[in-house]
Amino acid sequence: MLGRLYSYQTLQRSSGIAAVLAMLTFASALWSPAQADHYQADVPPLSEYFKEVWTTRDDLPHNTVNDIAQTADGYLWFATWEGVARYNGRNFRIFERDTHTQFADSGIHSLSMTTSGQLIAAGARGGVSYQEGEHWYALESLPALVTSVVSSTENEYWISTQGAGVYFIRSQPNGEHQGVRFSIFTEAQADSVFRVRRAGEYGLVAGTANGVFALAPEDMEQPNENSAWQRLPGTEALAGVEVQDLLWAHEHELYLATVNGLFVWQQGVLRGPLHGTDNMRLTRILLDHAGALWLGSQDRGLLRVSRNGLEHYSVAQGLPNNRVVSLFEDRELSVWVGTNSGLVRLRSAPFKSYTQAEGLSDNFVRGLARYSQGGALVATSRGLNRLVNERVLPFLEETELASMSFLSVAEANDGTLWFGTISDGAYAYRSGIVQRLGRSEGLPDNGVRSIEPTQNGDVWFATALGIAVYNGDKLQTFTKEDGLASDFVMVIHEATDGVIWVGTGDGVTQIVKNSDGSYQLKSTNLEHISGAQYVFGFHECPQSGNMWMATDRGLIRYRQTDSLWSGVGRTHGLNQDKFFEIVEDSYGYFWLSSNRGVMRIVKQEAQRAADGEALQLVIERFGESDGMASAQANGGAGPAALLGNEDNVLFATSRGVAVINSAEVERFDVFRPPVVIEHVVVDGERVSLQPHLQLNAGTQRVEFQFAGLGYVMPQRIQYRTKLQGFDSDWIERGTQISAEYTNLAPGDYRFSVEAYYPNAVDRASITHVAFTIESFFWQTKLFWLVIVFCLLLILVFAFRWRLGTLERSEARLRMQVAEKTQELERLAMEDQLTGLPNRRAFDARLRLEFERSQRYSHGLCLAILDVDHFKRINDHWSHETGDRVLIRLGEILQSAGREIDSVARWGGEEFVLLLPETSLENALMVCERLRKAIAQTDCSDIAAGLSLTVSIGVASSQGLSHFEKLLSKADAALYRAKEAGRNQVKS
-19 MLGRLYSYQT
-9 LQRSSGIAAV
1 LAMLTFASAL
11 WSPAQADHYQ
21 ADVPPLSEYF
31 KEVWTTRDDL
41 PHNTVNDIAQ
51 TADGYLWFAT
61 WEGVARYNGR
71 NFRIFERDTH
81 TQFADSGIHS
91 LSMTTSGQLI
101 AAGARGGVSY
111 QEGEHWYALE
121 SLPALVTSVV
131 SSTENEYWIS
141 TQGAGVYFIR
151 SQPNGEHQGV
161 RFSIFTEAQA
171 DSVFRVRRAG
181 EYGLVAGTAN
191 GVFALAPEDM
201 EQPNENSAWQ
211 RLPGTEALAG
221 VEVQDLLWAH
231 EHELYLATVN
241 GLFVWQQGVL
251 RGPLHGTDNM
261 RLTRILLDHA
271 GALWLGSQDR
281 GLLRVSRNGL
291 EHYSVAQGLP
301 NNRVVSLFED
311 RELSVWVGTN
321 SGLVRLRSAP
331 FKSYTQAEGL
341 SDNFVRGLAR
351 YSQGGALVAT
361 SRGLNRLVNE
371 RVLPFLEETE
381 LASMSFLSVA
391 EANDGTLWFG
401 TISDGAYAYR
411 SGIVQRLGRS
421 EGLPDNGVRS
431 IEPTQNGDVW
441 FATALGIAVY
451 NGDKLQTFTK
461 EDGLASDFVM
471 VIHEATDGVI
481 WVGTGDGVTQ
491 IVKNSDGSYQ
501 LKSTNLEHIS
511 GAQYVFGFHE
521 CPQSGNMWMA
531 TDRGLIRYRQ
541 TDSLWSGVGR
551 THGLNQDKFF
561 EIVEDSYGYF
571 WLSSNRGVMR
581 IVKQEAQRAA
591 DGEALQLVIE
601 RFGESDGMAS
611 AQANGGAGPA
621 ALLGNEDNVL
631 FATSRGVAVI
641 NSAEVERFDV
651 FRPPVVIEHV
661 VVDGERVSLQ
671 PHLQLNAGTQ
681 RVEFQFAGLG
691 YVMPQRIQYR
701 TKLQGFDSDW
711 IERGTQISAE
721 YTNLAPGDYR
731 FSVEAYYPNA
741 VDRASITHVA
751 FTIESFFWQT
761 KLFWLVIVFC
771 LLLILVFAFR
781 WRLGTLERSE
791 ARLRMQVAEK
801 TQELERLAME
811 DQLTGLPNRR
821 AFDARLRLEF
831 ERSQRYSHGL
841 CLAILDVDHF
851 KRINDHWSHE
861 TGDRVLIRLG
871 EILQSAGREI
881 DSVARWGGEE
891 FVLLLPETSL
901 ENALMVCERL
911 RKAIAQTDCS
921 DIAAGLSLTV
931 SIGVASSQGL
941 SHFEKLLSKA
951 DAALYRAKEA
961 GRNQVKS
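-19 is the number of the first residue of the sequence shown in our numbering; add one for each residue after it.
Derived by calculation from the structure, the hints in this document are not laboratory data. Built from N, CA and C at the ideal position, the CB exists for glycine as well. Watch out, some of these pointers could steer you wrong.
Beta-carbon label-pair distances, calculated as ranges [as the list claims (entries may be wrong)]:
{"hint": "1", "residue 1": "52", "residue 2": "220", "range": "39 to 45 Å"}
{"hint": "2", "residue 1": "791", "residue 2": "856", "range": "51 to 57 Å"}
{"hint": "3", "residue 1": "812", "residue 2": "880", "range": "21 to 27 Å"}
{"hint": "4", "residue 1": "258", "residue 2": "379", "range": "46 to 52 Å"}
{"hint": "5", "residue 1": "791", "residue 2": "812", "range": "29 to 35 Å"}
{"hint": "6", "residue 1": "775", "residue 2": "740", "range": "56 to 62 Å"}
{"hint": "7", "residue 1": "78", "residue 2": "546", "range": "54 to 60 Å"}
{"hint": "8", "residue 1": "421", "residue 2": "298", "range": "45 to 51 Å"}
{"hint": "9", "residue 1": "459", "residue 2": "298", "range": "48 to 54 Å"}
{"hint": "10", "residue 1": "395", "residue 2": "298", "range": "40 to 46 Å"}
{"hint": "11", "residue 1": "115", "residue 2": "258", "range": "47 to 53 Å"}
{"hint": "12", "residue 1": "542", "residue 2": "33", "range": "52 to 58 Å"}
Could you put together the complete structure from these sequences and hints?
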């Protein structure tokens, strides 16, 4: 309770300036570094922090960053005089005054959070707006610039202003606002309030132009215009002093940033100013995670109190402006500094760079070598250095080597140090003695790119005109004429089996020393493997003995077991061609140096790719944003990279030595970057994000844009997505920050995206958005049910119609079959020429009449007629005439008989006449009349001069037992008629 403050002894206010200064001096004696925990804060020196700057050139809306905040979703927000900038690690999105934000003015001075984690933006023209999801809502504007906002409950706001005191506003459920203004404090000039803060059990405190005031918790419960804001007991010495910022810290300490330095109030006792901040106009206070105290000033830049003492960071060290207006530490432990000329971030980075600023002879580093005395030797374009215990020391500066330009460096087993220069040959240093080898001593060229001391004491030198080996007495050179792949040599490496590997501008040469001291050279052209020509570096795997090469077309591996060469390049995910060095750490990674930064890949994956597996390597790229002073790593001389002690990997770059601790990289991967879906774009138009989106029928394209909110190494964040209802499994997106789907069917979907650092998918963060694509009527289930029902009806109708058609077709076919059958039967029983029954039909009738005559004892006679001289008719006239004669005869016979008589053509020119119920005598009479009628027939219409006669044989069935005998008997009678001269009737 605020009332408890009065139980402590306080400094009494003095009206005289001298008295105030005396009290401040007395109070400062109470606060010494030995008593402050901040001086024990274990943090790196400010000089080791990686520093980045953003200005309007980097899309900040204004260079003055008034305040900084981070919302629960992970976004960073920056308040400027031209709106609020939201940062996702890659780009800014600007929120300025418009109908969406409802800002009273684009000038935003303060950012804070509601109790539920929503952002509050306030500033010019008394505007206060708060964000809920994608929407902004505004409180009633106040009459002065808003300097800070504190949310005590979800709908209660304490607002400080510049010149109008403090306001209390309560939002009503109906959207209206109820406000109370505290415009009159107990002291004059207190209405200019710079900051209001919660102070735990002591209620609210306000830093004003007239010191510090407090409001007790009981007065906060039901505030009104008579609520008593009173000077904070014990701070009377600060009356008339501007208090720009306040920070309520642990152990009930209240830090006060004043125009006279930093003060601390604790339980009624005021201490300060902090030594070193006397009379310094402080603007902001930050207590970081380690307990270090950061202070922003009006014109002295940034200060920090830690185990490193009181440190300064100002324009001289790279701060854009010495006026610091905001300080903030984000969840990744980076410190953000807002100034009047831009935004600065100070953070630990994976890489630490050592440049001339740290003591290097020159920034351009070409060679590195481990040093038996500790640390590493550094060969630069202007001298040598030793890097040990994170310190850069001069090396051999007292010798003639002090300012030479070096390409390479190495240490032999006997401790001799070898240095290759750019144009003055090679130098050996041992026990204070310097020895030179140049062209005059037998080197092919004075530019020595690589030096390799071997196990047997020899030293190999690589130059642009060939190589040489030195055995302590003499130099022996090798060129292309001796079997070298090319005279232009960049690297020499001795394998554990003693083979010398030479990397040239046109392939690789392996050199074996024979027992007699001679050398055997074997060169291999690499263009058939991956198109490679230049080999810049070698790395031998200690377990397998496989030799890896960094080339101008990716990586190449020589497998020791079967002498197989294979490449790893763009097809496996390496997005560039040229690499200089390969370094293997103790955690199973390959580190690759290049002109475009340093990459890390998993060694086992590279082996699998070299073995022929179709896989995509996970690539982690490091550059300037990761602490490298320059991402341009050097190569073609060296060694340009090496594995140092304590898991450090060192790289020679165009701006110093870049060092990364391979074990520490994992520390940066532990952080789980929040992931957000920033935009949903439907058919080219952004839609407002909702927990569940309703998309119109006919939607063709849906794009999701997302971001992993990691700020230390955002370029390394990996993503994978899954669209439930479409994807069967997660889709790896790499560093791609969008996913697009086209021609999705109507229905319900849920889009999920995960963000994680490489090889840390188990620590991925995830977010979702659900959406429904509406259906056209013809895409609804009801429509298709109706369609199916109608189709079923149509099918039933079609089936029944078809069935009826088939039945009718069947009846018609039956009728046709019957007709055809009848016709066939008729044709089978009828002579086609005359139309008379044929022999088959007559046989059936004969059998029937014969049986009837036998049954009833009726007479039955059979006559067989044969046309006389028919062959003569055919021969004399024609067969057609003969056919017409037969037709005429058939007509005569059919017209002459009775209804019960049967006439048929028996075959050829023979006819038969069956006479039922007729005696032989009557039959002979009938046949005679018939013979005469035929003989008298006029056939001139058939052929001129044609006459027609027939011979007839007649027989009776009387006394016969079978109709065939009747036929035989009639046939015999016909024979007798012909024998008797034709044109006769015989029985």
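Hint check:
no. : hint                    : result
1   : 52 <-> 220: 39 to 45 Å  : holds (40 Å)
2   : 791 <-> 856: 51 to 57 Å : holds (54 Å)
3   : 812 <-> 880: 21 to 27 Å : holds (25 Å)
4   : 258 <-> 379: 46 to 52 Å : holds (49 Å)
5   : 791 <-> 812: 29 to 35 Å : holds (30 Å)
6   : 775 <-> 740: 56 to 62 Å : holds (59 Å)
7   : 78 <-> 546: 54 to 60 Å  : holds (59 Å)
8   : 421 <-> 298: 45 to 51 Å : holds (48 Å)
9   : 459 <-> 298: 48 to 54 Å : holds (50 Å)
10  : 395 <-> 298: 40 to 46 Å : holds (41 Å)
11  : 115 <-> 258: 47 to 53 Å : holds (48 Å)
12  : 542 <-> 33: 52 to 58 Å  : holds (54 Å)
Checked against the numbered hints listed earlier, the structure breaks none of them; every hint is satisfied.
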